[in-house]
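J.: Next come the chains, spelled out residue by residue.
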Amino acid sequence: MSSAIETCELTVEFHSDVKALQKLDLRVAQGEVYGFIGPNGAGKTTTMHVLLGFIAATSGSASIFGVDVRKSIARQRIGYMPEHPQTYAFLTGRELLIMAGRLFGMGGKFLSDRAEELIEKVGLSEAKNRRIAGYSRGMMQRIALAQALINDPDLVILDEPTSGFDPIGRIEIREIISELKRAGKTVFFSSHELSEVEKVCDRVGIIARGRLVAEGGISALVKGGESLEQYFIRTLS
Amino acid sequence: MIKSIVIAQQVWRETLRRKDLYVLFILLLAFFITLMTLNVFGLKSLVGHIKEIGLLLVWIFCWFLTIGISTRQLPHEEKSGTIFSLLAKPVGRAELIIGKWLGACSMAGLATLVFYVVLGGIVLARGGTFSLRLALEAFLLQCCFIGVLAALGLLLSTRMNGDAAATLTAILSVAAFLILPQVPQWSANVVGRQREIMLAIYYALPHLELFDLRQRLVYDWEPLRIEPLGMILAYGLLVAAMFLVIAWLAYRNKKFSRDII
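For the record, the sequence lines run as chains C and G. At position 192 of the first sequence (counting the first as 1) the number is 192 in the numbering used here, and the numbers step up by one without a gap. At position 198 of the second sequence (counting the first as 1) the number is 198 in the numbering used here, and the numbers step up by one without a gap.
Keep in mind that a hint or two might mislead.
As the list claims (entries may be wrong) - Listed below are the simulated DSSO-like cross-link pairs for lysine-lysine, each with C-alpha atoms no more than 30 angstroms apart in a straight line:
#1 C/K71 <-> G/K255
#2 C/K128 <-> C/K181
#3 C/K128 <-> G/K79
#4 C/K19 <-> G/K79
As the list claims (entries may be wrong) - Rough simulated footprint, nothing fancy, chain C against chain G, three-plus residues with beta-carbon under 8 angstroms:
#5 11-18
#6 88-102
#7 246-256
Just so you know, these hints were derived from the structure itself, not from any lab. If you're wondering where the values come from, they're calculated on a predicted model, not measured in any experiment. Glycine included, each C-beta is placed from N, C-alpha and C at the ideal position.
Please build the complete structure, drawing on both the sequences and the hints.
T.: Okay, structure coming up:
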């Protein structure tokens, strides 16, 4: 069985002198919840952007379920929510989900039902027919999450998924991630909320200056009553 | 292709929900109403002037609309950050460009059709006539012009911001429309290498004046025969396809980083 995500010596250079990623080797198994953590500017978002084909790697390779990320078909089984979700302000929440589904080749009643189901799941039933331009930041985050899940993806990539949420919203996101895990989906997410990461992840990878500096299961990394946050600070210092 | 159509539908929705399209319609309608009420010395030949001014307005508004829609698409996606959600789907960059082009062309084409119908109504109301076949030919060629213009706008917007792309598209299209047809005349006055260069430029640049049948409509000339009409349409499609291919080449490896938000 191929890995959900696999990178081999992935290197990304910007303007020939800034090395965003340096020979990054990453392997995320199918059905795993993987927390990708690191300080600001470590290369988390760049890694995600390479996986999604926004940025071409300078060298090395990356694949999703065994398909080269440079092929658009590699994104057929992915759901993605960006760090600062921006969606089409002129659409309603429901229209956005229908559009997203159609880009995955979905349609008809199946898509319509799926959109309704997700709108309910993210708590936007009352706002579904309102233009996104009138949504609050939290609502925007919710609709972005719903559109990331529209195709029932096997791999969900979430960039700072809890950053715009209030405490209740964070619990809901955690619930959704746990639900995805129970359904056998792979979740790859970055976060600065290490307590959240600790609660939901099977494994974590710590990236700093474009290199993976530590990786493993939470229980293997964190020992002797130490929290993930303490381990993170100790590792980076 | 289905993904391109979905993207084109986004362009329609965006254009219809923006206010500028309606402002343009109202403005054109105001001009048309003014034309309709025009009655200088009760001259019968006034219908010809109404046709001429009306068609000129239709062309100007169509030009304005096509440039506006086509050049803002890609820069707006990048600036607002929606490009990330869009390209995270299994959508190739070629599909994205074709979708945006289809959306811009169809929207501007539809608006132009409405302009033609309104103008036709005014001409008929003022006792004028025109050949339906010729009007259809003129509309068809204008749609071809829209296709070329939208492709040029998209091409320039792959590497520029929306305003810069719109300005450059406007300058280039006006130059191609007004200046390029004069080149053979000018080249007759020069010799040697200079003349060859001028003629090379003349043949290499797109000839937008070919898509303009206004004079025929105004003076009720014969409709075009099928052969030249087909050749002009094929020429327009070829030029538009060429611009789209260059746009794809310029866009396919473009890096998107969060800095663009």
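J.: Could you check the structure against the hints above and give me the numbers of any it violates, in ascending order?
T.: none
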